[in-house]
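Enquirer: Residue strings, one per chain:
2 protein chains.
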Amino acid sequence: MRFSIKKSLILATLATIGYANVIPKSTSTTTTTATILSDSEIEDVNVSLSNNEVEVLDSSSENEDLGSNISNNEIKELDTVDNICKDNNITEDKVYKCASGEVIKVNDQSVKEESDKSSIYLDIFKQFNFGNKITYVIGHKSPDADAVGSAIAFADLLNKIDIKAQAVVSAPVNQETNYFLNRFGIKSPEVLSNAEGKQIVLVDHSNYLQAIDGMKSARIVGIIDHHNVGDVSSEEPIYARFAYVGAAASIIYLIYNELNVPISKETAQIMLMSILSDTENLTSINTRKLDRDAYAALKIISGIEDLDSIYEGMVDARSSYGDMTDEQIFKTDYKEYNINGKSFCVGNVNAYGEQKIKEMADRMYNYMESNYEKSGFNMMFSMVQNVKAKENENNTYLIGYGEDAIEILKTAFSDGEFDGKYYKAKDVLSRKTHIIPPITKYINEKY
Amino acid sequence: MRFSIKKSLILATLATIGYANVIPKSTSTTTTTATILSDSEIEDVNVSLSNNEVEVLDSSSENEDLGSNISNNEIKELDTVDNICKDNNITEDKVYKCASGEVIKVNDQSVKEESDKSSIYLDIFKQFNFGNKITYVIGHKSPDADAVGSAIAFADLLNKIDIKAQAVVSAPVNQETNYFLNRFGIKSPEVLSNAEGKQIVLVDHSNYLQAIDGMKSARIVGIIDHHNVGDVSSEEPIYARFAYVGAAASIIYLIYNELNVPISKETAQIMLMSILSDTENLTSINTRKLDRDAYAALKIISGIEDLDSIYEGMVDARSSYGDMTDEQIFKTDYKEYNINGKSFCVGNVNAYGEQKIKEMADRMYNYMESNYEKSGFNMMFSMVQNVKAKENENNTYLIGYGEDAIEILKTAFSDGEFDGKYYKAKDVLSRKTHIIPPITKYINEKY
Chain R
1 MRFSIKKSLI LATLATIGYA NVIPKSTSTT TTTATILSDS EIEDVNVSLS NNEVEVLDSS
61 SENEDLGSNI SNNEIKELDT VDNICKDNNI TEDKVYKCAS GEVIKVNDQS VKEESDKSSI
121 YLDIFKQFNF GNKITYVIGH KSPDADAVGS AIAFADLLNK IDIKAQAVVS APVNQETNYF
181 LNRFGIKSPE VLSNAEGKQI VLVDHSNYLQ AIDGMKSARI VGIIDHHNVG DVSSEEPIYA
241 RFAYVGAAAS IIYLIYNELN VPISKETAQI MLMSILSDTE NLTSINTRKL DRDAYAALKI
301 ISGIEDLDSI YEGMVDARSS YGDMTDEQIF KTDYKEYNIN GKSFCVGNVN AYGEQKIKEM
361 ADRMYNYMES NYEKSGFNMM FSMVQNVKAK ENENNTYLIG YGEDAIEILK TAFSDGEFDG
421 KYYKAKDVLS RKTHIIPPIT KYINEKY
Chain V
1 MRFSIKKSLI LATLATIGYA NVIPKSTSTT TTTATILSDS EIEDVNVSLS NNEVEVLDSS
61 SENEDLGSNI SNNEIKELDT VDNICKDNNI TEDKVYKCAS GEVIKVNDQS VKEESDKSSI
121 YLDIFKQFNF GNKITYVIGH KSPDADAVGS AIAFADLLNK IDIKAQAVVS APVNQETNYF
181 LNRFGIKSPE VLSNAEGKQI VLVDHSNYLQ AIDGMKSARI VGIIDHHNVG DVSSEEPIYA
241 RFAYVGAAAS IIYLIYNELN VPISKETAQI MLMSILSDTE NLTSINTRKL DRDAYAALKI
301 ISGIEDLDSI YEGMVDARSS YGDMTDEQIF KTDYKEYNIN GKSFCVGNVN AYGEQKIKEM
361 ADRMYNYMES NYEKSGFNMM FSMVQNVKAK ENENNTYLIG YGEDAIEILK TAFSDGEFDG
421 KYYKAKDVLS RKTHIIPPIT KYINEKY
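So the protein sequences, as listed, match chains R and V.
Heads up: the first sequence begins at 1 in our numbering, then just goes up one per residue.
Heads up: the second sequence begins at 1 in our numbering, then just goes up one per residue.
It is worth saying that the hints were derived from the structure and are not from the lab.
Just so we're clear, the structure is a prediction, and the values are computed from it rather than from any experiment.
Incorrect hints may appear among the rest.
Because identical chains share one entry, a pair is satisfied inside a single copy or across any pair of copies.
Stated by the list, open to error - With a straight-line Cα cutoff of 25 Å, these simulated DSS-like cross-link-like pairs (lysine-lysine) come out:
(1) Lys187 <-> Lys331
(2) Lys216 <-> Lys432
(3) Lys446 <-> Lys216
(4) Lys133 <-> Lys441
(5) Lys198 <-> Lys441
(6) Lys216 <-> Lys342
(7) Lys126 <-> Lys441
(8) Lys198 <-> Lys432
(9) Lys446 <-> Lys198
(10) Lys342 <-> Lys141
(11) Lys331 <-> Lys421
Generate coordinates for the entire structure from the input sequences, incorporating the hints supplied.
Expert: This is the structure we're talking about:
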C-alpha cells in the first residue's frame, strides 16, 4: 500500500508546529536544524520514520547513505541530540530551546510529552480553574441549528479533556434542528431556562439580550461566537474566541483540531447540521475556508453521504410553520438588541417563492403593527426570505416598524428598493452581516 | 550534518494538521491514508522526502523496497493520487475530501495552495473587510510593557499579511518599557489620544474604561486580551481572542505561528519585553506553557542572550519613580473599572523591601485620602508590591479607600492579614487574578 503527499505538505507541517519562527535560517548557531526549512536544501534531504525516531539526513553530508537503507537497529546507533550539540558547540540546553521543545533528547519521557504542539492549546484549558461544578454550554434564545449543534459539540469537547460539561438549550429547538435530530436519532439537549449561579460557556452569542435569564449572575467561563462581539463580560480571565466565519461550530471544529481531540461520529453529524444551516450548504457569503474544510472532514467522520438532500430536508422544515400563530412565527428565529439605549428586535422568517414571501410579510407586518406599542421596542424588524432563492425574484422582504425603522429601510441599505412599506432585495440577506451593522451605525450616528 | 527527531513529533505533526480527525481509522474506504495514524502500523513505515513529493511506504506492502533507496527520477514514476483512487475504488473527489485538502493531486497548483493549514487561519483575516483605512493597534491607558509590546507585534503581523496597520500608545510609555526600548534602540510608538472615527484593534484590554477616549465611536476590528472579557463590543463580526495566559504578547506569538508568519528580530525583542514583564520572567502564577514556549522561541529569534539581566534592569526601572508626585506614582500602572454601576480604580506601585513598601503605602494612602471625595470613585485601591519578592517578608500591601473597599480588604481575601489599615500578604499578587475577581464578586453579591 502506498500513496503520495507533496513536499509542500511536510514543509507546511513543519511550519505549523513552529519551525518557521523557531529556527531562524540566518543564525549560525542553529544551522543544524535550519536545513529543515531551507527550500534549496530540502531538495536533497531524506527522511526516514522508524520505531524510535525520525532521521533527517542532508545528502551533502558524509552520512548520506545512512538514510537510504535504514532499520531499527541501525537507528539506535546514530547520534543523539547530545552528540549533535557537542559536534556543533551548542549546549544541550540551547538545542532544546531553539526547537521550542520540539527537538528533544532521546528517551527523556518528560521532555517528549512537551513536544506536542496541541499541549500548548490544552494547557490553556487545563490551567483554568473550572472547579467541581458542571459547565453548561448553551446557545442563544430561540435555539437554531448552530446554537444547538455548537453547544453539543463544545460540551463533548470539554468532557473529552476531562472538564465536566453538559450541553443545554434555552427552549425547545426550532423545526429545522428538530428535523435533523429526528433523522439521526439524536436526543435534544435538556432545557436550562435560568443561568443564575451556574457555570456557563456561551456559544453562538455574546449578548445578554440574546442569552437566557440570569446570565449576569452566572460564572461565565468561555465564549465561542461568530457574530459581533457583544456585551457579555466575565469576572475573570477566560477562554473566548470570536471569528467571522460561517458557523460557530466551525470555530469549535478548529479548536478540536488545535487540541488534537478526535471527533465522534455523532458530534460530527451535529456539527454538520450547524454548518449546513448557517452557511446555507456552503453557499452563504459568510462561508470561509474553515467552514469548507470542516464540512469536508466532518462529512467523512459522520458517515453521511447525502448531505445535499439532508440540507433540502432542513430547508423544507424551516418554512413549515404548520398552524403556528403569527407571534410564534415571528419569534421562531428571533434576536433582541440594545444599542446606546435604543432597543430593537429582528426576526427571520422563511417562505418559498415571492408570492408566499409577500403573504408572510403581510402577516408579520400586521403582527408588528398590533404589538409595537406594548412591545417596548424602539424598532421592530422582520426579514422574510426565500428559502430557495430564485433569480429575478425578490428573495427578501425586510419589514420595519417604528419611526427610526422606516428611516433605516429608506436610507441604510443599498442594492434593493423601498416600496413605501417593505424593503425588497434580490439577495438573501444575513442578519449579522447585512442587517445589524447598518442599524447599529444608524443608532450610533443619530443618538 | 544530521540530527534526530522523535517519532512522536511526526505523529503530533500529522495530528496538528488535522489527520487525527480527518481520517477515521475505522472507515474502510479511507484505509489508504489511515496507516499514517495507526501506532502499530507506523512502526514499519518509511518516509522519504524528496524533490517532488513525500513517499510513505508500508513495509508490509509489496512496494517496501521502493522507499529504501529513492531518487528524484524514481519518485516520478510512482503512483499518483489518481492511481491510488482507482486502485481502491475511491473517487478522486473523495480522496481530496477525506484528507481535508491535504492529500492532493500531483501538479494541481490550485489544490496545492489549499494544502497549508495556515491558510485556514489566514483566510479569516483576509476575508474581513479592513477597507483602505489604516488599522491602529493600541493597548490600555498607562502603557506598560505588554500593552506596548503587543501593539507593536500585532501591527507588524497585520502588515506582514498586507493589512495596513500602525502600533500606537495612549500616552508616553512607563519606565520599565522605556528602559527596554532604550536599551535596544527601538522607537516608542506614536501617541493616539482619541479613537473616534478610527479603525482599532485593542490589545491587552477590552474595557472602555481602560481604553483611550472615543473608543465607543471607533470601528473595533479586533481584540486580543488575556484579562477578563470586558465590555468593549463591536458592530460587526470580528476576530477576537481571549486566553488566560501570562502575556497578551504570547497570544500574538501563537497567532504568528497559526498564520505561519516569520517574526522579525526586533518584534521578537519587543514580544520578549512583554512576556518578561507580565510573567515576571516566567515566575508568575499566570505563566502558561504558551508563555514558556514563546519565550524560548523568541529568545533565539531576538538574539538576546542575557534575558535574566535584562529583566533585572526592567525590574529596577519599575521602582524608579525619581521625583514623581504621589499622583503620578499612583497612576503609573493604573486601571479603572465599573461593575454594576460601582466604580473603582486599582493602582499598582513597586518598591524594594518591606520598609520601602511601607513608606510607599503611606504615600499612596495619603494620596487616596486626599483625593477620594473628588475622584468620584466608590472605591480606590493601590497595591504596593516588592519588585524582588523575599521570603518571610510581606511583599504586598493592599490599600483601600471607601467603605466597601475596607470591607473588601477585611473579608474578600485569604492568606494575608488586615492590620486595620492595610491588607498585607506574603505573596506578590496579580491584579487580574487576585484582586479584580473578588472585588467583582463582592459588588455582584451586594448590589
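Enquirer: Compare the structure with each hint and give your call.
Expert: Status of each hint after checking the structure:
no.	hint	verdict
1	Lys187 <-> Lys331	within (23 Å within a copy, 55 Å between copies)
2	Lys216 <-> Lys432	both (23 Å within a copy, 19 Å between copies)
3	Lys446 <-> Lys216	between (29 Å within a copy, 14 Å between copies)
4	Lys133 <-> Lys441	between (40 Å within a copy, 17 Å between copies)
5	Lys198 <-> Lys441	between (34 Å within a copy, 14 Å between copies)
6	Lys216 <-> Lys342	both (20 Å within a copy, 15 Å between copies)
7	Lys126 <-> Lys441	between (40 Å within a copy, 23 Å between copies)
8	Lys198 <-> Lys432	between (28 Å within a copy, 22 Å between copies)
9	Lys446 <-> Lys198	between (38 Å within a copy, 18 Å between copies)
10	Lys342 <-> Lys141	within (20 Å within a copy, 29 Å between copies)
11	Lys331 <-> Lys421	within (21 Å within a copy, 56 Å between copies)
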